[in-house]
Amino acid sequence: MKFTVREIANLIKGTVEGDENAEIFKLSKIEQGEPGSISFLANPKYTQYIYQTKASAVIVNNDFVPEQKLDCTLIRVENAYNAFGMMLEAYNNLIRRKSGISKHAAIAESAEIGENCYIGNFVSIGEYVRIGANVKIHPNSTIGDNVVIGDNTEIFAGVSIYNDCHIGSDCTLHSGVVIGGDGFGFAPQSDNQYAKMAQIGNVVIHDKVEIGANTTIDRATLGSTVIGRGVKLDNLIQIAHNVEIGENTVIAAQTGIAGSTSIGRNCMIAGQVGIIGHLKIGNEVKIAAQSGISTDVADGSIIMGSPAFEISNYRKSYVYFRGLPKLVDRISALEKKLKDKD
Amino acid sequence: MKFTVREIANLIKGTVEGDENAEIFKLSKIEQGEPGSISFLANPKYTQYIYQTKASAVIVNNDFVPEQKLDCTLIRVENAYNAFGMMLEAYNNLIRRKSGISKHAAIAESAEIGENCYIGNFVSIGEYVRIGANVKIHPNSTIGDNVVIGDNTEIFAGVSIYNDCHIGSDCTLHSGVVIGGDGFGFAPQSDNQYAKMAQIGNVVIHDKVEIGANTTIDRATLGSTVIGRGVKLDNLIQIAHNVEIGENTVIAAQTGIAGSTSIGRNCMIAGQVGIIGHLKIGNEVKIAAQSGISTDVADGSIIMGSPAFEISNYRKSYVYFRGLPKLVDRISALEKKLKDKD
Amino acid sequence: MKFTVREIANLIKGTVEGDENAEIFKLSKIEQGEPGSISFLANPKYTQYIYQTKASAVIVNNDFVPEQKLDCTLIRVENAYNAFGMMLEAYNNLIRRKSGISKHAAIAESAEIGENCYIGNFVSIGEYVRIGANVKIHPNSTIGDNVVIGDNTEIFAGVSIYNDCHIGSDCTLHSGVVIGGDGFGFAPQSDNQYAKMAQIGNVVIHDKVEIGANTTIDRATLGSTVIGRGVKLDNLIQIAHNVEIGENTVIAAQTGIAGSTSIGRNCMIAGQVGIIGHLKIGNEVKIAAQSGISTDVADGSIIMGSPAFEISNYRKSYVYFRGLPKLVDRISALEKKLKDKD
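Sequence order for the protein chains is A, B and C. Numbers 128 to 469, taken from our numbering, label the letters of the first sequence in order. Numbers 128 to 469, taken from our numbering, label the letters of the second sequence in order. Numbers 128 to 469, taken from our numbering, label the letters of the third sequence in order.
Hints are computed from structural coordinates only; laboratory data are not their basis. Hints should not be assumed to be uniformly reliable.
The list treats identical chains as one, so a pair stands whether inside a single copy or across any two.
DSSO-like cross-link-like pairs, simulated, lysine-lysine; straight-line CA separation at most 27 Å [unchecked claim]: (1) Lys140 / Lys181; (2) Lys453 / Lys464; (3) Lys453 / Lys466; (4) Lys323 / Lys413; (5) Lys153 / Lys140; (6) Lys230 / Lys464; (7) Lys140 / Lys323; (8) Lys453 / Lys443; (9) Lys323 / Lys172; (10) Lys453 / Lys463; (11) Lys140 / Lys129; (12) Lys443 / Lys263; (13) Lys468 / Lys172; (14) Lys230 / Lys263; (15) Lys407 / Lys156; (16) Lys468 / Lys453; (17) Lys453 / Lys413; (18) Lys413 / Lys172; (19) Lys129 / Lys323.
Work out the full structure: start from the sequences and follow the hints.
In structure tokens:
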């Protein structure tokens with residue numbers, strides 16, 4: 128594939144400074160630019176590289192003022208980072224194009240498939256499934272009975288969606304994701320055995336949700352486990368039964384949320400955090416990596432530790448934790464001094 | 128599906144108080160009851176809702192004494208929580224019924240499949256596999272050579288079971304579970320490379336075990352990794368080679384157990400716990416979430432922390448950890464006071 | 128299968144002491160030896176068992192000097208542990224032999240498959256894939272377009288490899304591994320939504336790498352996520368976009384490494400460690416289990432804690448953490464004493 132700088136500038140609504148007919152056939156980081164590649168400059172830390180780059184063109188912010196001579200053509204835009212993202216997206220759509228229904232797929236007769244879908248090899252689609260338009264389902268994925276999938280959603284290889292779950296539009300589910308496994312619910316019996324509590328609810332995932340590889344979201348005991356619109360989940364996350372996550376909350380890898388906890392909107396939860404069950408986490412909450420949450424959390428809190436508390440207080444305590452041997456020396460010195468006084 | 132209160136009472140061995148001909152076609156939480164739904168009351172925290180619920184019937188404990196007028200029909204049972212569980216189970220069995228062997232499955236000729244099994248699309252069954260009666264294997268699962276699976280076990284979509292592993296009766300393996308991957312065993316060489324130690328043992332899973340989505344259980348180097356009868360494992364758990372877990376032990380999500388550690392029976396291990404290798408954890412042990420275990424643990428211990436120690440001591444230390452800045456102030460004040468005295 | 132002690136000694140280049148015609152048809156641990164089995168003695172802790180074992184033969188180090196009478200035949204070698212490993216490997220190769228291309232596989236016409244490969248049931252191989260010689264791909268795995276796989280690599284059941292990724296020679300990928308899922312990159316927008324940054328890089332895995340079950344390695348935004356030669360990754364590990372891991376580094380289960388962090392060679396990283404993004408971890412670094420790394424780490428460091436610092440200092444601080452209640456008592460006693468003096 129080959130584009131001119133002009134064609135790219137049109138795509139990202141930018142203005143060209145330099146050779147608008149230069150040909151671009153590659154994307155690169157600015158520090159690794161080559162003739163024929165296009166790059167971008169958004170982070171001021173990287174400004175130095177624009178004077179040395181061999182990239183043919185660089186996307187910059189409108190307010191960029193060069194302090195040295197430039198060899199590359201510039202495309203000026205409102206927001207260089209977003210514009211580069213748009214370009215990546217366009218490129219990605221070109222190269223990842225997939226369509227058609229594999230003859231190696233097994234689709235129940237009662238299932239409805241929308242227009243222009245891609246259904247890959249060895250995809251199994253159950254009874255009464257309803258799939259929207261432009262949906263892509265990659266090989267070896269299993270879609271259980273009665274599942275509903277909205278328009279433009281992409282499901283990568285090896286995903287398992289259990290019966291009765293709902294996936295919104297414009298969602299992305301990465302490989303190995305499991306949606307709708309039974310919640311972990313067992314009633315202890317007098318003989319130390321556990322009786323399984325059947326889990327007859329489902330999982331409801333709203334629009335524009337992205338779910339990372341091998342993340343698991345369990346079905347509700349009754350009702351629904353709910354993932355709000357625009358939520359982004361990284362890889363290997365555990366979401367237990369009856370959890371609810373508010374809009375545009377972002378959660379990093381390997382975090383686990385126990386049963387029936389609700390999380391507000393616009394939260395940022397770092398990696399390897401554990402949140403116990405039946406809690407209420409507010410809106411706009413930030414939780415540092417590896418924290419353990421065992422109580423409700425108010426709107427706007429920023430917390431750290433296991434159990435977690437306010438982050439700057441945690442950091443102070445941790446500095447003193449590191450200094451505990453010295454602290455003990457101070458106490459011993461005091462004891463000695465006081466004894467000497469006796 | 129539609130049942131009368133009488134039919135449900137018969138199923139769960141309860142006595143009816145009110146309209147035994149009321150028709151039920153739905154299950155609900157008590158706070159979300161609707162006409163035609165049945166709910167239950169077990170946790171006293173929810174007692175208030177029974178006086179307002181619109182549910183047609185509510186399952187209660189025999190000793191429940193209403194303090195206000197009730198609009199709903201009651202079904203009285205020994206244990207309302209268990210009875211509701213039985214009812215869910217029955218409902219679940221009705222709606223999840225699956226049977227027959229898909230023409231899209233690939234089954235080795237030497238494999239034996241018991242009566243009344245369900246084998247889904249794109250299930251691969253290897254040489255000399257022996258599968259009991261009433262087993263369900265959902266799509267895209269792989270059963271390696273020589274694997275044995277007991278009666279009534281259900282294996283959800285996308286499970287991988289390596290050669291030579293044994294799965295008991297009445298087990299449930301959720302999607303993405305991996306049984307029998309090689310243990311993590313490497314011998315360091317003089318040139319910093321590692322030589323792989325072949326892992327020729329297997330995994331043995333006893334009866335009535337449930338294994339959550341994307342949990343991994345590695346095969347033994349020699350001998351067997353053993354999961355005892357009635358063990359319940361949540362999602363995304365790591366069980367390393369040669370681990371042994373005793374009967375009716377329950378482990379929450381994202382916990383990891385390193386090689387050759389043995390865990391007793393009736394333990395409760397919370398989420399994101401790490402247990403290092405070659406340890407002996409006793410019976411009836413309880414371990415708090417995110418704890419790290421680096422020494423043997425005696426029967427009946429309740430522990431927390433990383434490294435973990437007795438839970439109430441941990442909590443005391445943690446309270447003082449939070450208060451370290453104040454503690455340092457007290458030491459500084461003492462130092463000043465003592466200096467002033469000089 | 129049946130071998131004589133002589134045949135095994137030839138395989139592992141050892142010398143026989145005792146009956147070289149004894150027949151071996153089984154491998155066992157030394158404490159579980161049976162007539163007809165062969166075992167090994169490497170760890171001195173197990174020396175006692177050699178005098179009682181019923182194993183027909185035991186592999187020992189050249190310098191082993193028996194202190195009691197032995198009933199078993201010995202095979203003496205330079206390194207008994209390595210020799211037993213070689214023997215296991217040979218045994219494993221015998222029993223795990225698989226070959227041929229399943230008629231249930233779906234292979235794009237443009238794909239190239241090397242000599243002597245095994246391609247299992249329901250394996251999907253995309254356009255322009257290039258697979259070397261002696262490669263094994265087990266059932267229900269998906270190989271995306273343009274993927275390259277080197278000679279002798281084994282890919283177990285249910286693995287997903289996204290478009291454009293490169294896997295080296297002599298690698299092992301266990302079930303449920305996901306290679307090349309999109310990195311977790313989103314640009315926050317003014318309305319609290321996130322815009323996805325397309326991830327158009329790939330993953331490059333060098334030779335002799337082993338990757339444990341359900342581990343996930345994300346593709347780079349641009350460029351490559353790189354796993355160096357000889358790296359060993361355990362189960363359920365998360366490797367984010369643009370991470371680079373140096374040669375012969377070993378990482379235990381459930382550890383997570385955030386985006387753009389580079390890790391040196393010959394490191395040993397224990398289980399459940401979290402490493403934040405954009406860091407530089409040096410060579411020969413050792414990190415204790417459950418540590419959290421939030422700053423660069425110098426070559427040869429041995430660290431522990433969250434956030435982590437030098438391990439012996441961490442251990443000292445932790446001892447005092449356990450003793451905080453007593454420390455507070457000492458401070459209170461000092462305060463009282465000083466007050467009494469007033």
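How the hints compare with the structure:
Taking the closest pair of Cα atoms, Lys140 and Lys181 come within 27 Å of each other only inside a single copy of the chain (23 Å); across copies the shortest separation is 57 Å, beyond that limit. When the C-alpha separation of Lys453 and Lys464 is checked against a cutoff of 27 Å, the pair qualifies both within a copy, at 16 Å, and between copies, at 19 Å. Within a single copy, Lys453 and Lys466 get their C-alpha atoms as close as 20 Å, and across copies as close as 19 Å, so both meet the 27 Å cut-off. In this assembly of identical chains, Lys323 and Lys413 lie within 27 Å of each other by CA distance solely across copies; the values are 20 Å between and 35 Å within a copy.
Taking CA atoms no more than 27 Å apart as the test, Lys153 paired with Lys140 passes inside one copy only; the shortest distance there is 19 Å, against 54 Å between copies. Proximity of Lys230 to Lys464 under the C-alpha cut-off of 27 Å is found in neither arrangement, the shortest distances being 87 Å within a copy and 86 Å between copies. Only between protomers do Lys140 and Lys323 lie at most 27 Å apart by alpha-carbon distance; the minimum there is 18 Å, versus 57 Å within a single protomer. In this assembly of identical chains, the alpha carbons of Lys453 and Lys443 lie at most 27 Å apart whether taken from the same copy (15 Å) or from different copies (10 Å).
In this homomeric assembly, Lys323 and Lys172 come within 27 Å of each other (Cα to Cα) only across copies, at 23 Å, whereas the closest approach inside a single copy is 55 Å. Proximity of Lys453 to Lys463 under the C-alpha cut-off of 27 Å is found in both arrangements, the shortest distances being 15 Å within a copy and 17 Å between copies. In the homo-oligomer, the alpha carbons of Lys140 and Lys129 lie at most 27 Å apart inside one protomer (19 Å), although the nearest pairing across protomers, at 60 Å, exceeds that limit. Proximity of Lys443 to Lys263 under the C-alpha cut-off of 27 Å is found in neither arrangement, the shortest distances being 50 Å within a copy and 54 Å between copies.
For a Cα distance limit of 27 Å, the shortest separation of Lys468 from Lys172 qualifies neither inside one copy, at 59 Å, nor across copies, at 54 Å. Taking the shortest Cα distances, Lys230 and Lys263 sit within 27 Å of each other both inside one copy (15 Å) and across copies (24 Å). For the homomeric pair Lys407 and Lys156, the shortest alpha-carbon distance between copies (19 Å) is at most 27 Å, but the shortest distance inside one copy (42 Å) is not. Taking the shortest Cα distances, Lys468 and Lys453 sit within 27 Å of each other both inside one copy (23 Å) and across copies (23 Å).
For the homomeric pair Lys453 and Lys413, the shortest alpha-carbon distance between copies (25 Å) is at most 27 Å, but the shortest distance inside one copy (32 Å) is not. Taking the closest pair of Cα atoms, Lys413 and Lys172 come within 27 Å of each other only inside a single copy of the chain (26 Å); across copies the shortest separation is 30 Å, beyond that limit. Proximity of Lys129 to Lys323 under the C-alpha cut-off of 27 Å is restricted to the inter-copy arrangement: shortest distance 24 Å between copies versus 59 Å within a copy.
Comparing the model with each numbered hint stated earlier shows that hints 6, 12 and 13 do not hold.
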